[in-house]
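Asker: Given chain A, work out where chain V should sit, using these hints.
There are 2 protein chains.
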Amino acid sequence: MQATIMYGAGDVRVENVPDARLIEPTDALVVVTRAAICGSDLWPYKKMGPSETGNRMGHEFIGIVEAVGADVRKIKVGDLVAAPFAWSDGTCIYCQEGLQTSCLHGGFWGGTKLDGGQGEAVRVPQADGTLVPLQVGKDNALMPSLLTLTDVMATGHHAALAAKVGPGKSVAVVGGGAVGLCGVIAAKRLGAEQIILLDRHADRINLAKEFGATDIVSERGEEAVTRVRELTKGLGVQSVLECVGYEESTLTALSIARPGGAVGRVGVPQSEVMPAVIPTFFNNVTISGGPAPARAYIEELLPDVLEGRIEPGRVFDRVIRLDQVPDGYRAMNDRKAIKAMIEF
Amino acid sequence: MQATIMYGAGDVRVENVPDARLIEPTDALVVVTRAAICGSDLWPYKKMGPSETGNRMGHEFIGIVEAVGADVRKIKVGDLVAAPFAWSDGTCIYCQEGLQTSCLHGGFWGGTKLDGGQGEAVRVPQADGTLVPLQVGKDNALMPSLLTLTDVMATGHHAALAAKVGPGKSVAVVGGGAVGLCGVIAAKRLGAEQIILLDRHADRINLAKEFGATDIVSERGEEAVTRVRELTKGLGVQSVLECVGYEESTLTALSIARPGGAVGRVGVPQSEVMPAVIPTFFNNVTISGGPAPARAYIEELLPDVLEGRIEPGRVFDRVIRLDQVPDGYRAMNDRKAIKAMIEF
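Going down the list, the protein sequences come from chains A and V. Using my numbering, read the first sequence as starting at 1351 and increasing by one per residue. Using my numbering, read the second sequence as starting at 1351 and increasing by one per residue.
FYI, nobody ran anything at the bench for these hints, they're computed from the structure. Treat the hints with care, as some may be off.
Intra- or inter-copy, both count: the list cannot distinguish identical chains.
Derived DMTMM-like pairs: lysine to aspartate or glutamate, alpha-carbon spacing no greater than 20 Å straight-line [as the list claims (entries may be wrong)]:
id, residue 1, residue 2
1, K1583, E1447
2, K1514, E1447
3, K1397, D1361
4, K1514, D1684
Bound conformation, chain A alone:
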């Protein structure tokens, strides 16, 4: 079969690999129908050192179950399923608490040992815990929005929950990539009154406004902080969604939170230390977030997608085929595309 392999920074190839197949009795074999390239895939695309073996890529996919292991009970051959970006057993202490990204017997797709979503098929471990059947046809028009539930929409929702977004609150979203845009949707959905997007790219800004952003701040650093304060009677916002991960964007996020506010961080941190922890201490700012338990949120957000109340699939502004994946990475890295969907 064909699958995407990253061999180093800027070096993504679609190549022949051994066919995905069942190994454990709890596995399912899923033939991929839709997948995506994630903003977090761009971190290794920028930084990864050269590798002879490379890493299999992709952690957002929907597909059809072709086979299941002997111990799989809930998932059936022929099901159309969504796979969250982490696989999980559904039974451990963390899965029971709804934090499936910390599953004691789970993990993440791709790398050197597992299939990735950016390929023709995937062996899915812990299929009963991991996969969510979708009650729609494989080419349903809602497919882009359904695909975002596997990561970016779930992640935007997680950021909003971690930032304690609620009715009437003031919210800032730092970074208008696909996750930040979904963060705007999530903030609006949870009742935020003011939603400030911090970004400077016209395509993202336009979409954010359609999703519910009330204000745009295109300044950076100290100027951005000043501007957000101007927009919030000098106070800062109650909730901040940090959707980038750089130390600079984290500093901005922490600096625009008002006393007693909360920062939900979902941008994968690119620095081992967090800045400005003395002012955040004196302001009693809560810092929360991490990888979103998409497995828990898919079921929560699914009705809103199916009934058309949210349209996160609009973050896909490029549709490609598997052999065009290297172009998709390049376009996203060059900010010529917000997010690319792969159709099979």
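Answerer: Just chain V, lined up with the frame of chain A:
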């Protein structure tokens, strides 16, 4: 009148200063009956550069109202009042939210412009917002416990709330000073099942056990992390109260929180950056806390003190008079005393 002034590291003196007096119409003049030396007073005692004018010290006190300004409505001459460690107007947006330490018109005691609690009398700004009348006599046997409500017991409670302590939870308290010991009381009061104290001093450990600590970890650094994991089935604890403020203790606190757990930090941070923010991200650990809104908590905790359900006053293991304050600092800094109370 006599008051405590710090002129630099290790240099604390009790000297004559101008008598405290009303200045603003919202002021009250309070004659101090009990005060205390705080663990946080030891930070400048260790580090402060030499100062010609010095800083007035003390932020925990109880006293009798001797005079009030023309605009003071609730506080009456003759009231016995407790003063939280921050003064606040009681009406601003943050006071209304119960975060009086961020009051838009408030501040902290002492320094170069305001009286401190470690003196014979204090001008109290925003008296109606700041002071809490106590319905007991000035020499009531509960006075030590009542005095802790002005800071350390409120701070331990704040750490426990920030760490999301609740019924049946596993909790670790990093640091067994007065705040950490009050954190043990707070965790027990909120229903924690397991309370692990990280400390190595026998006097603190003994008191912590009486307050409800179920386990003691005297190791440090990586060994402490290993030990806490052993005590929690390999998982780590759900709630961590960081009651020290050093980067090392913060690293320990973050490292013993289990996935989905929370760290309530109340030790004043001694480093501008926070370590280990990548693992805490992947574990979805919440970091919260800051200066406790003692003003809000005094009223919440007061019934438990008055009815004897909690006895935080036991953290005072030394009682001194005002002229002995320099000895009190020395004893606390040398860890010969947990906390000193000043009787006037």
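Asker: Does each hint hold? Answer for all of them.
Answerer: Structure-based check of all given hints:
{"no.": "1", "hint": "K1583 to E1447", "verdict": "between (38 Å within a copy, 17 Å between copies)"}
{"no.": "2", "hint": "K1514 to E1447", "verdict": "both (18 Å within a copy, 15 Å between copies)"}
{"no.": "3", "hint": "K1397 to D1361", "verdict": "within (11 Å within a copy, 52 Å between copies)"}
{"no.": "4", "hint": "K1514 to D1684", "verdict": "neither (33 Å within a copy, 42 Å between copies)"}
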